[in-house]
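Trainee: Take a look at the letters that make up each chain.
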Amino acid sequence: MTIYQNSYSFQHVIEAQQFDRDTLLNWLFPLADVMEKIARAKGVRDFSNIRGVNWFEEPSTRTALSFAIGLDLLGGRMVYSTENAGKFSSRAKGESIEDTIEIINGYNPNIIVARFAEAGDAAKAASISSVPIINAGDGNNQHPTQALLDLYTVYREFGRVETLKFGVVGDLANGRTVKSLAYLASKFPNVQFYFISPSSLNISKNITAYLDKHEVVFAEHDDLREVASILDVIYVTRIQEERGSFLTDQELEPGRFSINQEILDIMSDEAIIMHPLPRKNEIPRYVDKDPRARYFQQAKYGLYIRMALYQMILYPQMVPSLLHL
Amino acid sequence: MTIYQNSYSFQHVIEAQQFDRDTLLNWLFPLADVMEKIARAKGVRDFSNIRGVNWFEEPSTRTALSFAIGLDLLGGRMVYSTENAGKFSSRAKGESIEDTIEIINGYNPNIIVARFAEAGDAAKAASISSVPIINAGDGNNQHPTQALLDLYTVYREFGRVETLKFGVVGDLANGRTVKSLAYLASKFPNVQFYFISPSSLNISKNITAYLDKHEVVFAEHDDLREVASILDVIYVTRIQEERGSFLTDQELEPGRFSINQEILDIMSDEAIIMHPLPRKNEIPRYVDKDPRARYFQQAKYGLYIRMALYQMILYPQMVPSLLHL
Amino acid sequence: MTIYQNSYSFQHVIEAQQFDRDTLLNWLFPLADVMEKIARAKGVRDFSNIRGVNWFEEPSTRTALSFAIGLDLLGGRMVYSTENAGKFSSRAKGESIEDTIEIINGYNPNIIVARFAEAGDAAKAASISSVPIINAGDGNNQHPTQALLDLYTVYREFGRVETLKFGVVGDLANGRTVKSLAYLASKFPNVQFYFISPSSLNISKNITAYLDKHEVVFAEHDDLREVASILDVIYVTRIQEERGSFLTDQELEPGRFSINQEILDIMSDEAIIMHPLPRKNEIPRYVDKDPRARYFQQAKYGLYIRMALYQMILYPQMVPSLLHL
Chain W
9 MTIYQNSYSF QHVIEAQQFD RDTLLNWLFP LADVMEKIAR AKGVRDFSNI RGVNWFEEPS
69 TRTALSFAIG LDLLGGRMVY STENAGKFSS RAKGESIEDT IEIINGYNPN IIVARFAEAG
129 DAAKAASISS VPIINAGDGN NQHPTQALLD LYTVYREFGR VETLKFGVVG DLANGRTVKS
189 LAYLASKFPN VQFYFISPSS LNISKNITAY LDKHEVVFAE HDDLREVASI LDVIYVTRIQ
249 EERGSFLTDQ ELEPGRFSIN QEILDIMSDE AIIMHPLPRK NEIPRYVDKD PRARYFQQAK
309 YGLYIRMALY QMILYPQMVP SLLHL
Chain L
9 MTIYQNSYSF QHVIEAQQFD RDTLLNWLFP LADVMEKIAR AKGVRDFSNI RGVNWFEEPS
69 TRTALSFAIG LDLLGGRMVY STENAGKFSS RAKGESIEDT IEIINGYNPN IIVARFAEAG
129 DAAKAASISS VPIINAGDGN NQHPTQALLD LYTVYREFGR VETLKFGVVG DLANGRTVKS
189 LAYLASKFPN VQFYFISPSS LNISKNITAY LDKHEVVFAE HDDLREVASI LDVIYVTRIQ
249 EERGSFLTDQ ELEPGRFSIN QEILDIMSDE AIIMHPLPRK NEIPRYVDKD PRARYFQQAK
309 YGLYIRMALY QMILYPQMVP SLLHL
Chain R
9 MTIYQNSYSF QHVIEAQQFD RDTLLNWLFP LADVMEKIAR AKGVRDFSNI RGVNWFEEPS
69 TRTALSFAIG LDLLGGRMVY STENAGKFSS RAKGESIEDT IEIINGYNPN IIVARFAEAG
129 DAAKAASISS VPIINAGDGN NQHPTQALLD LYTVYREFGR VETLKFGVVG DLANGRTVKS
189 LAYLASKFPN VQFYFISPSS LNISKNITAY LDKHEVVFAE HDDLREVASI LDVIYVTRIQ
249 EERGSFLTDQ ELEPGRFSIN QEILDIMSDE AIIMHPLPRK NEIPRYVDKD PRARYFQQAK
309 YGLYIRMALY QMILYPQMVP SLLHL
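Protein chains in written order, with the working numbering: chain W, 9 to 333; chain L, 9 to 333; chain R, 9 to 333.
Treat the hints loosely; a few may be bogus.
Claimed, not checked - Residues from chain W that keep clear of chain L, each with C-beta distances beyond 10 Å, as calculated: (1) D30; (2) K213; (3) Q305.
Stated by the list, open to error - Stretches of chain L that chain R covers, calculated by requiring three or more beta carbons in the stretch to come under 8 Å of a beta carbon on chain R: (4) 19 to 31; (5) 83 to 92; (6) 182 to 194.
As the list claims (entries may be wrong) - Partial chain W-side listing against chain R, Cβ under 7 Å, derived: (7) A93; (8) G102; (9) N116.
The set of hints was computed from the structure by calculation and includes no laboratory data. Beta carbons: idealized from backbone N, C-alpha and C, even for Gly.
Can you build the whole structure from these sequences, using the hints too?
Mentor: Here's what the structure looks like:
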């Protein structure tokens with residue numbers, strides 16, 4: 009399948025890697041800036057003929073909400089949302105993802121936003137769908153719109169991605185988020201990664217092999233305090249207890265895999281703190297007031313990125329004029 | 009936080025007590041009358057730029073439905089509804105209600121209708137939300153729109169609230185409904201309450217202390233038949249078996265904590281029977297045909313009250329002209 | 009109750025039997041053809057004042073989706089959809105279906121699409137509802153829109169229903185689908201049924217008695233290979249393991265209660281293969297490319313049938329002009 013057509017037009021959004029640097033810097037991110045203006049005003053009506061389907065095999069309430077509201081802000085509508093189709097729908101009776109997508113295609117929506125329970129199902133779905141599909145996460149594989157919004161956050165704050173030092177902290181073993189971000193950020197020159205995790209939750213060898221192959225510099229650490237002072241981005245993640253992850257008493261020491269006052273004190277004034285949310289104790293609430301905290305903006309930027317993706321998929325011909333090109 | 013601004017404009021709906029008598033009698037109830045006309049016709053388009061989110065941490069299908077259809081009748085739309093976010097969303101992963109609301113705020117909807125699992129979360133949410141919030145129930149604490157529709161039902165039937173005698177029957181120990189109604193009705197002069205419940209399900213001391221403090225007359229009984237003849241409103245509630253409530257064989261005697269023919273015979277012709285629904289056997293179906301039965305109207309009035317609240321929150325400047333003032 | 013008014017106008021859709029041959033051939037099926045054109049274009053706006061409620065007591069994600077998208081294509085909107093009301097709503101607290109429908113009526117929607125958990129509840133609901141109801145399945149009783157789309161598929165392929173030989177294969181004991189189809193097809197002259205099922209999953213005596221009474225010829229078999237060559241329609245169904253159905257090793261032999269190459273070889277070139285979906289192994293994926301496979305079209309035709317039903321219920325006066333009559 010050809011999912012990538014040109015710099016500002018594509019049929020599906022399946023994985024972070026499908027976006028090249030030109031698309032990100034010259035089209036997607038500037039378009040997301042435009043979308044912010046639309047979202048903060050009353051929205052537009054350009055998509056009045058657009059019908060979307062929010063097909064979530066697993067719940068991801070917030071992601072589904074942002075896709076629904078983003079489509080509405082453009083003038084389209086999410087005609088149907090299912091929150092838990094993997095448990096409720098024919099998928100629970102053993103139907104293949106291809107059959108499910110074929111049937112939804114028959115109803116002729118303009119776009120399908122889908123969360124898939126199984127890794128790889130987004131690509132399978134795209135391979136047979138003439139309706140555009142946006143992957144809102146497929147198992148432990150990818151969550152490309154999360155990676156895009158993460159990188160967009162960095163870009164908005166620093167005006168660039170290249171040469172930045174990313175510290176990624178916490179449960180790196182279970183991180184779909186971390187994986188997609190590493191793939192995407194490594195497209196930019198001289199980016200450096202610092203993976204800071206307990207030994208039981210280290211980053212997977214697949215990702216480090218990928219980074220090696222693409223000559224991206226990275227290091228592994230087991231204490232944030234050792235490197236916090238040199239990082240541009242501190243990207244904190246939650247320990248995913250529901251997947252069996254846990255920290256020992258020693259690992260729970262504040263500042264080691266979490267933000268505390270000591271970290272705030274040694275961080276650069278220009279650095280930023282990110283988190284894909286939800287958070288638990290790894291970022292205490294008093295950090296919210298620190299001017300370097302960016303995790304709520306980050307969530308908000310997801311709306312603009314998703315709106316920009318809708319635009320590039322559904323009405324790419326409008327993109328140049330939206331960017332005043 | 010200031011949630012109450014003037015007589016017909018406020019930012020959030022959090023608890024029954026926030027409404028004073030002037031607001032109820034001169035603004036909210038007359039506006040609900042206008043909303044009935046809109047709902048029975050084809051609706052209006054005034055809210056075409058309004059996007060709502062139905063955020064239900066616990067299921068309450070009917071309440072969610074009436075909020076969605078009410079918004080649509082005004083010309084807006086409920087862009088996304090989640091039925092069971094407490095079980096499905098990040099809240100299930102331990103996220104605080106403040107974080108959840110902050111993130112939804114980032115998507116810039118115009119109104120959030122929320123059912124909260126925990127008592128007190130509605131106030132917490134309102135304290136950090138710049139988007140208006142309507143509390144559709146928070147744990148066992150409050151369900152203010154239910155209390156408002158209850159009182160509106162009484163007002164429509166009697167043309168007044170003051171001096172009425174309210175008999176509240178059944179499971180008073182678990183009654184969020186009863187609590188909010190007692191708080192609200194006691195704002196009116198010379199209202200009297202008769203609480204009729206089995207000893208295991210009596211009204212809480214918090215409420216009776218509140219009534220004492222506000223010098224509202226009340227009495228406790230254990231048999232509806234003793235007082236049915238003098239009541240203006242017989243408000244029946246369901247025994248909440250799912251919370252462990254039950255009646256003994258003796259307490260199940262028809263007419264004691266339920267409506268039967270004997271009650272219908274001794275009730276005043278001008279009295280009315282209410283129930284927050286769903287009902288089980290405490291009101292047999294043959295009562296539906298009695299001209300004093302009002303529980304289905306009561307449910308319907310909830311739609312008008314919710315529409316009136318939307319109007320007062322989102323476009324209060326239109327309220328005087330809607331009332332022809 | 010009178011649910012049937014004239015040939016192209018009715019209040020409710022409750023059971024397959026309510027449609028007579030004239031309505032099907034002269035109104036519903038031609039109107040579904042028109043709806044296909046609307047669905048493949050951008051839709052219409054005729055229903056801009058129409059508000060629907062998707063009330064599903066049990067999940068049936070795809071059916072709910074097609075009803076929602078069909079209403080939207082006509083210009084209306086499904087204001088609220090609940091996926092699992094039987095588990096979540098007041099119904100779970102013991103409320104009667106009559107009370108539920110009465111309350112939804114109070115909110116004044118224009119149409120209620122409902123999946124009921126209990127057989128017979130669709131008729132009960134219709135008996136008290138002034139809002140039109142479409143039965144999207146009631147327990148193991150009926151699923152009339154499925155039967156209509158099945159018959160429409162046959163009609164589109166053959167240009168007729170009469171004189172066709174229907175082979176119905178698989179789990180016939182649990183088939184709401186099979187039941188409604190048998191009732192509906194037997195309204196046409198000289199239709200013949202071949203029921204092909206393992207002895208543990210034979211068609212119910214109710215249905216064969218019905219066919220006997222209406223003088224419809226049928227036969228029972230236990231091997232598809234015996235009769236595949238003479239059939240016009242091979243309607244395959246899934247073994248409903250979730251209801252305890254299973255096949256023995258011998259019954260699992262390919263071609264016996266499933267499609268395999270041998271069946272494809274002996275089938276007539278003009279015959280078609282249908283399936284209500286979801287399928288498991290009873291139709292292997294390589295069959296999808298066979299020109300006689302019709303199960304995906306069949307699903308798609310469901311959208312057009314549902315749109316046609318909306319039209320006949322909500323704006324029957326437009327039907328003649330839509331058909332250029």
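Trainee: What hints, given by number in increasing order, does this structure fail?
Mentor: Failing hints, ascending: 3, 4, 6.
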